[in-house]
Every structure is written in C-alpha cells, then in structure tokens.
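Chains as they are written, first to last, in the working numbering: chain A, 1 to 187; chain B, 188 to 477.
In short, the hints are calculated from the structure, not lab data.
Every residue gets a Cβ at the ideal spot worked out from N, C-alpha and C, and that includes glycine.
Fair warning: there could be bad hints in the mix.
Calculated Cβ distances over 10 angstroms to all of chain B for the following chain A residues [claimed, not checked]:
no.	residue
1	31
2	48
3	73
4	183
Straight-line alpha carbon distances no greater than 30 angstroms define the calculated DSSO-like cross-link-like pairs of lysine-lysine that follow [said to hold, decoys possible]:
no.	chain 1	residue 1	chain 2	residue 2
5	A	182	A	66
6	A	68	B	447
7	B	431	B	447
8	A	68	A	20
9	B	477	B	305
10	B	431	A	66
11	A	66	A	87
12	A	68	A	182
13	B	430	A	87
14	A	66	B	430
15	A	182	A	152
16	B	447	A	66
17	B	351	B	447
18	B	196	B	305
19	A	186	A	87
20	B	196	A	20
21	B	196	A	152
22	A	186	A	68
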Amino acid sequence: MRIGVLAVQGAFAEHIAALKLLGADAFEIRQLRDISQDFDGLVLPGGESTVMNKLLRDLGLFAPLKAKIEAGLPVLGTCAGMILLAKHVEGGIPCFGTLDVTVKRNAYGRQLGSFVCREQFAGQEITMRFIRAPYVESVEHDTEILAEHDGKIVAVRQSNQLAAAFHPELTENTAVYDLFFKSLAKA
Amino acid sequence: MSEQYQLNKELAQMLKGGVIMDVTTPEQAEIAQAAGACAVMALERIPADIRAAGGVSRMSDPAMIRSIQEAVTIPVMAKCRIGHFAEAQILEAIEIDYIDESEVLSPADDVYHVDKTKFRVPFVCGAKDLGEALRRIAEGASMIRTKGEPGTGDIVQAVRHMRKMNSQIRHIVSLSEDELYEEAKQLQVPYELVQQVHESGRLPVVNFAAGGVATPADAALMMQLGAEGVFVGSGIFKSGDPKKRAAAIVQAVTNYQDAKLLAELSSGLGEAMVGINEQEIAVLMAERGK
Numbered sequence: 001m002r003i004g005v006l007a008v009q010g011a012f013a014e015h016i017a018a019l020k021l022l023g024a025d026a027f028e029i030r031q032l033r034d035i036s037q038d039f040d041g042l043v044l045p046g047g048e049s050t051v052m053n054k055l056l057r058d059l060g061l062f063a064p065l066k067a068k069i070e071a072g073l074p075v076l077g078t079c080a081g082m083i084l085l086a087k088h089v090e091g092g093i094p095c096f097g098t099l100d101v102t103v104k105r106n107a108y109g110r111q112l113g114s115f116v117c118r119e120q121f122a123g124q125e126i127t128m129r130f131i132r133a134p135y136v137e138s139v140e141h142d143t144e145i146l147a148e149h150d151g152k153i154v155a156v157r158q159s160n161q162l163a164a165a166f167h168p169e170l171t172e173n174t175a176v177y178d179l180f181f182k183s184l185a186k187a
Numbered sequence: 188m189s190e191q192y193q194l195n196k197e198l199a200q201m202l203k204g205g206v207i208m209d210v211t212t213p214e215q216a217e218i219a220q221a222a223g224a225c226a227v228m229a230l231e232r233i234p235a236d237i238r239a240a241g242g243v244s245r246m247s248d249p250a251m252i253r254s255i256q257e258a259v260t261i262p263v264m265a266k267c268r269i270g271h272f273a274e275a276q277i278l279e280a281i282e283i284d285y286i287d288e289s290e291v292l293s294p295a296d297d298v299y300h301v302d303k304t305k306f307r308v309p310f311v312c313g314a315k316d317l318g319e320a321l322r323r324i325a326e327g328a329s330m331i332r333t334k335g336e337p338g339t340g341d342i343v344q345a346v347r348h349m350r351k352m353n354s355q356i357r358h359i360v361s362l363s364e365d366e367l368y369e370e371a372k373q374l375q376v377p378y379e380l381v382q383q384v385h386e387s388g389r390l391p392v393v394n395f396a397a398g399g400v401a402t403p404a405d406a407a408l409m410m411q412l413g414a415e416g417v418f419v420g421s422g423i424f425k426s427g428d429p430k431k432r433a434a435a436i437v438q439a440v441t442n443y444q445d446a447k448l449l450a451e452l453s454s455g456l457g458e459a460m461v462g463i464n465e466q467e468i469a470v471l472m473a474e475r476g477k
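The task is simple: from the sequences and hints, build the whole structure.
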C-alpha cells in the first residue's frame with residue numbers, strides 16, 4: 001500500500017510517521033517526478049493552504065493530482081488539506097475544488113482560538129486537535145457528514161475523498177486513518 | 188505541560204517547510220502571502236534599517252500590526268524586546284499568532300527573559316547553541332530559531348548556530364543515561380529537557396533558521412543543515428525584485444535538495460541585498476540575551 005503525502009509545506013512528516021506506524025509505505029511528494037510511480041492513496045496535510053495552493057501550481061503538481069483525485073484516487077485531507085479539496089472556500093481561493101463543500105478558513109479565529117475536544121467520529125469518541133482550523137459551513141450533493149463539534153461540521157466524506165478540519169496525525173487514535181484505509185481497499 | 192502550550196508547539200509544526208517573511212506594511216504583507224510565505228513578521232523597520240538607524244528599537248505600533256493582521260489570512264507574528272513582558276502582554280491582547288522575543292530589538296532586561304509560561308500566546312526565541320535553546324524552552328518558548336546576525340545578509344552566524352546545535356544534540360544522544368545530569372549542569376538547563384533530547388535526538392520544539400538568509404541558496408543551505416523552515420528578514424524587501432525573490436526562496440525551501448531546480452530558482456533574481464560582513468558591524472545582536 002503506497003501512499004503519497006504532499007510535502008511542499010506543513011506537517012507532512014507527522015503524517016508519514018503515522019502512516020508508517022500503521023504499516024503503509026508512505027512517500028513525500030515534493031515535485032512532479034515524485035508522482036511518476038503508481039500509488040494507492042494521497043494525503044494532503046496541515047500547513048498553510050495558501051502556500052500549498054501556490055506551490056502545487058508552481059511545481060506543476062496541480063493538474064496531475066486533480067486528475068488523479070477526479071479519477072477516484074482515495075485522498076485524505078486534514079486542516080489545510082481539507083481546504084485544498086473544497087469546492088468553495090470562504091476567505092480563500094479554492095484549489096482542487098473536488099469536494100462538494102463550502103469551508104470557512106481560520107473559522108475559529110487566530111492561534112488563541114485553537115483548541116482540543118473529544119467528539120464522535122465514525123462511531124467512536126476521539127480526541128480532535130484544532131489549530132487555526134477551518135470548518136465546513138455546508139455540504140452539497142452526496143457529501144456525508146462524519147463529525148460535528150459545537151454544531152459545526154468538522155469531518156466529511158464524499159466517495160473517494162475524506163476530509164477533517166482537525167489533525168489525526170497529532171493524536172494516537174487511528175480512526176481517521178482506518179476509514180481512509182478502507183477506501184483504499186475498495187479502490 | 189498545558190494544553191495551550193502543546194497547541195502552540197503544534198502551530199509551529201504547521202509552519203514547517205515554510206518561509207516566514209518580515210514585512211512593514213499591509214502591501215508588503217500581501218506580496219509576501221501571494222509569494223507563498225507561511226507567516227509574516229510585522230515590524231516597523233526591517234532589521235537592516237534598524238541597524239542603520241541605531242538608537243533604541245521597540246515593539247511596533249499595535250495599529251500597524253493590526254493593519255497587517257487584516258491584510259492577510261496567514262499567521263502574523265510580531266516582536267517584543269527581550270524581557271519586556273508588558274510589550275508581550277500587549278501583543279497577546281491584539282491576538283498575535285506568535286511573539287518573537289527578539290534580539291533584533293533593544294533588550295529591555297539584561298538578566299531575565301520573559302516568563303513565557305505565563306502566556307497563552309506562543310513565543311519563538313533565538314538561540315546560538317543548545318543551552319540557549321533549552322533555556323528558552325524551559326521559559327516557555329514553543330519554537331526556536333537560530334540567532335543569525337539580522338539585517339546583514341551574511342549567513343555565517345546562522346550556519347554556525349545550526350551546526351553547533353546539531354553537534355551538541357548528537358553529543359547528548361551519544362551519552363549514557365547517567366552522564367545526562369552533568370550535561371544538564373554544564374548547559375545550565377533542566378535535566379528533563381536534556382533527557383528528552385537524549386531520547387528523541389532532536390530539539391523538543393520546531394527549529395527554524397533566521398538571520399542573514401538572502402538567496403534561495405542560503406535557504407537551501409540552512410534546510411540541508413537541518414533547519415525545519417526559514418525566516419527571511421531584510422533579504423526580500425531590501426532586494427531588487429522582492430516578489431520574484433520571495434517566491435524563489437519559498438520553492439527553494441520545498442525542494443532544497445534539488446540542485447538543478449535551485450539553479451533555475453537562483454537565475455535572474457536581480458540584485459540581492461547588499462549585505463555587511465560580521466567584521467564590519469558595530470553591534471552583534473546575537474550577543475543580546477543568553
């Protein structure tokens with residue numbers, strides 16, 4: 001199971017470490033030649049979405065990755081990664097625009113608004129860490145809501161795309177990865 | 188360790204692989220964000236001008252910092268003087284995303300640093316070696332940067348600090364457990380932090396390069412030496428083509444090991460900042476606060 005982790009900026013090392021612990025063969029995607037080999041899944045990490053959006057385009061990664069996501073490549077986006085997937089971005093420019101949701105950037109304010117909570121996700125209570133996080137304002141079409149906090153949507157799924165406003169790579173619980181791996185098995 | 192401190196360390200993790208740029212106006216902040224900065228440092232004068240102007244250098248006008256907070260969506264940092272906890276309180280009150288307790292400004296206290304554990308807002312501090320880094324972490328810093336000589340365009344000090352810190356970390360990893368107590372004593376730092384470095388082989392917080400970064404090659408050099416991202420101060424807006432240089436440095440940090448790409452990125456950038464050598468400057472800012 002080979003998983004490419006977008007590694008142009010942000011907390012990609014944390015995802016790679018978590019994926020390796022779970023037995024996946026994770027590798028960094030820093031430029032076009034890194035995606036010349038086949039892989040089974042893609043992770044878009046936390047970081048600054050404006051930076052990743054720009055670098056994806058500057059490095060020629062935008063079009064080929066978008067095509068792969070549209071063709072059904074299983075993808076997990078966390079925090080900034082969720083913003084990259086969203087079709088509509090309040091307070092920002094959409095990137096891939098493949099996930100039928102509207103997200104709000106910096107939805108909880110500045111760093112002093114960052115927080116930790118425990119909420120239900122796919123049938124179990126897990127710890128969620130929100131760092132200058134976005135949330136999902138609304139979903140369209142067949143997008144499924146997987147988790148909410150304080151009445152706001154914080155995790156969603158639409159066919160091959162899984163997105164969370166929080167950081168599963170920073171906690172021990174593997175519920176988000178487990179769900180991602182299930183979509184890999186189906187693809 | 189408080190929950191907020193953990194979240195503050197994690198915000199630094201989100202900045203990794205990125206470039207934090209000094210800006211003095213909302214317009215410069217927008218240019219920096221468009222060029223791919225992962226955060227901006229709002230300050231009235233960039234270090235090269237602080238150095239040229241001389242005199243006492245203080246925290247920036249909160250109104251000016253607010254105008255930058257309104258101009259961009261990326262995190263906004265600002266500097267307080269070493270030991271000036273009242274300036275830090277003011278910056279926390281305007282909800283800055285990160286405070287840099289910085290030697291670039293004139294120190295307010297020549298003995299004590301700010302007790303950063305008393306704040307909810309995160310702090311980044313400069314360090315020339317592992318002892319300084321761990322002392323700042325013990326005081327509550329959630330991110331460390333090298334203390335390269337600001338406003339000079341000279342990378343030599345940042346390189347020196349990064350090499351020294353890495354070599355000291357390797358040394359601590361090589362020690363046996365019963366030798367860690369003496370090492371903590373020598374470094375003048377808490378034993379628990381030495382033990383953490385011994386076990387993890389790295390600083391307990393994210394470590395960026397800062398001071399003297401002027402070119403994509405400088406950024407790549409620091410990344411190859413183990414920096415997790417870079418601060419660029421005067422290097423961008425004191426150069427001939429800030430937009431182009433900023434974008435090139437951002438890409439250089441992502442692909443710091445690809446010399447072919449770095450050659451492209453380094454081409455036709457126009458004039459770099461002039462730069463001053465270490466031997467030519469009157470004030471060594473890195474000597475402020477130890």
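- CA of residue 196 of chain B to CA of residue 305 of chain B, is that 30 angstroms or under? 15 angstroms, holds
- Message: Check whether the Cα positions of residue 68 of chain A and residue 20 of chain A lie no farther apart than 30 angstroms.
- Response: 23 angstroms, holds
- Item | Closest CB of chain B to the CB of residue 183 of chain A still more than 10 angstroms away | The claim stands: residue 183 of chain A keeps its Cβ more than 10 angstroms from every Cβ of chain B (closest is about 25 angstroms).
- Can the restraint linking residue 431 of chain B and residue 447 of chain B be considered satisfied, given a maximum Cα separation of 30 angstroms? 18 angstroms, holds
- Restraint check for residue 66 of chain A with residue 87 of chain A, where alpha carbons must lie at most 30 angstroms apart: 12 angstroms, holds
- Query: Can the restraint linking residue 68 of chain A and residue 447 of chain B be considered satisfied, given a maximum Cα separation of 30 angstroms?
  - Reply: 27 angstroms, holds
- Is the hinted pair residue 182 of chain A and residue 66 of chain A satisfied, with a Cα-Cα distance of at most 30 angstroms? Since the Cα atoms of residue 182 of chain A and residue 66 of chain A sit roughly 21 angstroms apart, the hinted pair holds (cutoff 30 angstroms).
- Is residue 351 of chain B within 30 angstroms of residue 447 of chain B, Cα to Cα? 29 angstroms, holds
- Message: Would the hint linking residue 477 of chain B and residue 305 of chain B be met if the CA-CA limit is 30 angstroms?
- Response: At roughly 20 angstroms apart (the allowed maximum being 30 angstroms), residue 305 of chain B and residue 477 of chain B satisfy the hint.
- Would you mind confirming whether the straight-line C-alpha gap from residue 68 of chain A to residue 182 of chain A stays at or under 30 angstroms? 18 angstroms, holds
- Quick one, are residue 196 of chain B and residue 20 of chain A close enough, alpha carbons at most 30 angstroms? 23 angstroms, holds
- Query: Given the hinted pair residue 182 of chain A and residue 152 of chain A, is their alpha-carbon gap at most 30 angstroms?
  - Reply: 25 angstroms, holds
Hint compliance for this structure: hints 1 and 2 are broken, all remaining hints hold.
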